[in-house]
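Engineer: Sequence lines, in order, name chains A and B. Residue 226 in our numbering is what sits at position 210 of the first sequence, and the numbering runs on without skipping anything. Residue 82 in our numbering is what sits at position 66 of the second sequence, and the numbering runs on without skipping anything.
Certain hints may be false.
For each label pair, taking beta carbons as the anchor points, the in silico distance ranges come out as [claimed, not checked]:
(1) K129(B) to A219(A): 19 to 29 Å
(2) R30(A) to L272(B): 25 to 35 Å
(3) K227(A) to D318(B): 51 to 61 Å
No wet-lab data here; the hints were simulated from the structure. In this text, a Cβ means the ideal position worked out from N, Cα and C, and glycines have one as well.
There are 2 protein chains.
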Amino acid sequence: MNAEPNRQILLAARPVGEPKPSDFDLVEKNIPTPGDEEVLCKTIYLSLDPYMRGRMNDTKTYAEPVAIGGVMEGGTVSRVVSSKNDAFREGDIVVARTGWQDYAVTPGSQLRKVDPGLAPISTAIGVLGMPGMTAYTGLLNIGKPQPGETVVVAAASGAVGSIVGQIAKIKGCKVVGLAGSSEKCEYVKEKFGFDACLNHRDADVAAQLSKACNNGIDVYFENVGGAVWEAVLPLFNMFARVPVCGLISHYNATSLPGAPNRVPELMFKVLTHRLTLRGFIVRDYDDQQTEFLSETANWIKDDKIHYREDFVDGLEIAPKALIGLLKGNNFGKLIVRVSPDPTL
Amino acid sequence: MNAEPNRQILLAARPVGEPKPSDFDLVEKNIPTPGDEEVLCKTIYLSLDPYMRGRMNDTKTYAEPVAIGGVMEGGTVSRVVSSKNDAFREGDIVVARTGWQDYAVTPGSQLRKVDPGLAPISTAIGVLGMPGMTAYTGLLNIGKPQPGETVVVAAASGAVGSIVGQIAKIKGCKVVGLAGSSEKCEYVKEKFGFDACLNHRDADVAAQLSKACNNGIDVYFENVGGAVWEAVLPLFNMFARVPVCGLISHYNATSLPGAPNRVPELMFKVLTHRLTLRGFIVRDYDDQQTEFLSETANWIKDDKIHYREDFVDGLEIAPKALIGLLKGNNFGKLIVRVSPDPTL
Numbered sequence: 017m018n019a020e021p022n023r024q025i026l027l028a029a030r031p032v033g034e035p036k037p038s039d040f041d042l043v044e045k046n047i048p049t050p051g052d053e054e055v056l057c058k059t060i061y062l063s064l065d066p067y068m069r070g071r072m073n074d075t076k077t078y079a080e081p082v083a084i085g086g087v088m089e090g091g092t093v094s095r096v097v098s099s100k101n102d103a104f105r106e107g108d109i110v111v112a113r114t115g116w117q118d119y120a121v122t123p124g125s126q127l128r129k130v131d132p133g134l135a136p137i138s139t140a141i142g143v144l145g146m147p148g149m150t151a152y153t154g155l156l157n158i159g160k161p162q163p164g165e166t167v168v169v170a171a172a173s174g175a176v177g178s179i180v181g182q183i184a185k186i187k188g189c190k191v192v193g194l195a196g197s198s199e200k201c202e203y204v205k206e207k208f209g210f211d212a213c214l215n216h217r218d219a220d221v222a223a224q225l226s227k228a229c230n231n232g233i234d235v236y237f238e239n240v241g242g243a244v245w246e247a248v249l250p251l252f253n254m255f256a257r258v259p260v261c262g263l264i265s266h267y268n269a270t271s272l273p274g275a276p277n278r279v280p281e282l283m284f285k286v287l288t289h290r291l292t293l294r295g296f297i298v299r300d301y302d303d304q305q306t307e308f309l310s311e312t313a314n315w316i317k318d319d320k321i322h323y324r325e326d327f328v329d330g331l332e333i334a335p336k337a338l339i340g341l342l343k344g345n346n347f348g349k350l351i352v353r354v355s356p357d358p359t360l
Numbered sequence: 017m018n019a020e021p022n023r024q025i026l027l028a029a030r031p032v033g034e035p036k037p038s039d040f041d042l043v044e045k046n047i048p049t050p051g052d053e054e055v056l057c058k059t060i061y062l063s064l065d066p067y068m069r070g071r072m073n074d075t076k077t078y079a080e081p082v083a084i085g086g087v088m089e090g091g092t093v094s095r096v097v098s099s100k101n102d103a104f105r106e107g108d109i110v111v112a113r114t115g116w117q118d119y120a121v122t123p124g125s126q127l128r129k130v131d132p133g134l135a136p137i138s139t140a141i142g143v144l145g146m147p148g149m150t151a152y153t154g155l156l157n158i159g160k161p162q163p164g165e166t167v168v169v170a171a172a173s174g175a176v177g178s179i180v181g182q183i184a185k186i187k188g189c190k191v192v193g194l195a196g197s198s199e200k201c202e203y204v205k206e207k208f209g210f211d212a213c214l215n216h217r218d219a220d221v222a223a224q225l226s227k228a229c230n231n232g233i234d235v236y237f238e239n240v241g242g243a244v245w246e247a248v249l250p251l252f253n254m255f256a257r258v259p260v261c262g263l264i265s266h267y268n269a270t271s272l273p274g275a276p277n278r279v280p281e282l283m284f285k286v287l288t289h290r291l292t293l294r295g296f297i298v299r300d301y302d303d304q305q306t307e308f309l310s311e312t313a314n315w316i317k318d319d320k321i322h323y324r325e326d327f328v329d330g331l332e333i334a335p336k337a338l339i340g341l342l343k344g345n346n347f348g349k350l351i352v353r354v355s356p357d358p359t360l
């Protein structure tokens, strides 16, 4: 047998507030053997995403929490090492959901083959994967951007926000982003082509947003909550749409914010401006995957969509990288290089 | 000329919190004379509705505020006294938006003829008017109730809530209402056929609601806000829909409630349960008027929809009646009898 161990990162403890390195545990196990219809995969790239913070809590939402002692969840780009499933053979590159580990056995039904000729395979967990499809489906199905409208998106240099804004530009909108540093804001304007990008750490960001959105806001793609939401709320136009995708500013919160309770303010705005707020997760739109992939791949080829990847090296770095992601330390789609990319 | 005066109730001052009688002014003017294409109407019934509180504030929302010294706004059932518009003639019964006064001149384009053979003419500002159409359009377009689902509606004995619940029953739903007294709750169950109705003044109403909605909540028709909203929020099922129609519990508020700020809690629920919250006003669905009228008239004829009217007598009583409406003192659709109904 292969003497190489299978490193796994487990959830050791449920974080209270910000996750700590001690909430994770690195263990070594034997590499598992596939059974009928199963495939043994070796992780090349591990995707780190804000939703993972929610899985660390003991709260069932749309998904089960990770168990204490369970392998941390996550999407990966992996290489097929051996297969007992006719649809896959050794060397295939696949997208899997095998989590924070070197190797995993998984039913073939949970894998999707990646075409290395289409784009770098790392994009299968980025612009051509879950984050890109989140942007695409949420913006188009719920945001319904119309030419000339103003679209606002926070975390604008991130994996989802950057794609939301660029698709909105393709649809003829004015796009205003928010990001966490002036360097990110410059990049968002220059490389992603946003009309404006504001630093959400500026004290007067609400005033800046009001000025940048001089025709109001028609679509706000919500992935942060908190102060950005409060800056956006007064600016909504009649019949504005709010795809609710994430709330990263609240993920580490241990209690609700203080007074006043702004729920009535929110509901009055919904009522008087006939807003639509709608939550979604990407798998609500599974049936749009083919369309998403082909359209987005074309946009990349036509130079209409750009993406930025933020690589970190080594499975063991994943806890620290996730902790940083939740503070906005990443710059672009955060990806852990777990093993060498055979297509490079 | 006619020596009879035209009594008008004006907005004398913008209320701070609960309106007071001194915020209104009763004046006498001459009866106006119609110009080209105009019609002189005499008010028979004046509709009193919660939205009027909003018009008394100096805040433009979807409608202009009533000016200080302006006639209070409102829907009426009126009789045509004289007409310079070929579409109307003396004696016609019309629905108008001529407000709190005995007589008014209005362009014929703003009138809709009422068929006294269809139902009592007072229903043209109730079940067959704005409140009924609010219930019908909000529930069917946004709530989209499906057979077997659970629909919750507050102010269940009121002009809108009573119709929401009965239409939901017609659509095969389980319907749970909330109302402000045990007498109202009994009526809602017996006469309107709701499966359950809870007294929102009971201290343990949240626990009662949780028990009554043992399969969760799929549609919540929001017309009150406040404590009822907080009781409803934990009970939402995945993909639940919330037509936001009104927020009567907040209309007299002079400040936001205290800590904690429950906005993140609301947004997390929207996200994890993929809720849809959507505000609307009835005129967003003007193109559904014919369909609404014919379907609802048939339901009344077939004994599937019942309604309750709460009449008060005399234009001068309108301020006191509106103040009471905002406290839930009415029992059914609140209507001021301004002059004798010629069809009775």
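Engineer: For the hint 19 to 29 Å, verify it against the beta carbon of K129(B) and that of A219(A).
Structural biologist: For K129(B) and A219(A) the Cβ distance comes to about 59 Å; the hint is violated.
Engineer: Could you tell me whether the CB distance from R30(A) to L272(B) stays inside 25 to 35 Å?
Structural biologist: 33 Å, holds
Engineer: If I claimed the Cβ atoms of K227(A) and D318(B) lie 51 to 61 Å apart, would that claim hold in this structure?
Structural biologist: Since the Cβ atoms of K227(A) and D318(B) sit about 57 Å apart, the hinted range of 51 to 61 Å holds.
The structure fails to meet hint 1 from the earlier list, while all remaining hints are met.
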